[in-house]
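Undergrad: Please build the complex by placing chain B on the supplied structure of chain A, with the hints as guidance.
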Amino acid sequence: EAGVTQFPSHSVIEKGQTVTLRCDPISGHDNLYWYRRVMGKEIKFLLHFVKESKQDESGMPNNRFLAERTGGTYSTLKVQPAELEDSGVYFCASSDSSAPNTGELFFGEGSRLTVL
Amino acid sequence: GENVEQHPSTLSVQEGDSAVIKCTYSDSASNYFPWYKQELGKRPQLIIDIRSNVGEKKDQRIAVTLNKTAKHFSLHITETQPEDSAVYFCLNQAGTALIFGKGTTLSVSS
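The listed protein sequences correspond, in order, to chains A and B.
Residue numbers for the first sequence follow the working numbering, beginning at 1 and rising by one.
Residue numbers for the second sequence follow the working numbering, beginning at 1 and rising by one.
Chain A extracted, bound-state conformation:
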């Protein structure tokens, strides 16, 4: 069975440009999470989907970030326009737990974003 996959693995863009990150969760996993690590080791929560609905988006930093999960399968995270402070590693994770936030999260390898 395929794990969580993320694309691209690394993206280098100029400030002001747009980038779209994609996450394919494990098939059948209703819960999908986005996290990011910016400087150092701390990993910050961005948002949580249950199927196609946003369960919690309290971690989204501002309106330059837009996450979608049409059809409840893969998800995209768009940053538009990108700023220097958006650089970091964006992790996606999925879970099949019927009770959200109480089951194992399976993480992707992460998408490294560098904004110049």
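A couple of the hints might just be wrong.
The calculated DSS-like cross-link candidates involving lysine-lysine, where the alpha carbons are at most 25 Å apart (straight line), are [claimed, not checked]: (1) B:Lys-22 - A:Lys-41; (2) A:Lys-44 - A:Lys-54; (3) B:Lys-37 - A:Lys-41; (4) B:Lys-22 - A:Lys-44; (5) A:Lys-44 - B:Lys-37; (6) B:Lys-71 - B:Lys-22; (7) B:Lys-71 - A:Lys-41; (8) B:Lys-71 - B:Lys-57.
In case anyone wonders, no lab produced these hints; they're calculated from the structure.
Computed from a predicted structure; not experimentally measured.
TA: Quick look at chain B alone, frame taken from chain A:
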């Protein structure tokens, strides 16, 4: 305040020693307490978890203990080995979000 506080930030031990990392949480409704390990350049992976109906769980050299009264849970690694060197994170519920602790960098020297 923070929903989950993790200490220490860094921990250096000699091979064979024990290591303990603690997380304190604030959400009384929390009922699931996992620990993740992230090796350099790799994805976080679950190493052990515990649910609120038990106080301790062991898996070989790794154990997790839970004190619901004091609202903290701890990761215990015994007989540490160099391959245990990594960043360890606790996760905890904060409302409908699942929040990482700030991470503990464990270094095991041989």
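Undergrad: Does the structure break any of the earlier hints, and which numbers would those be?
TA: none
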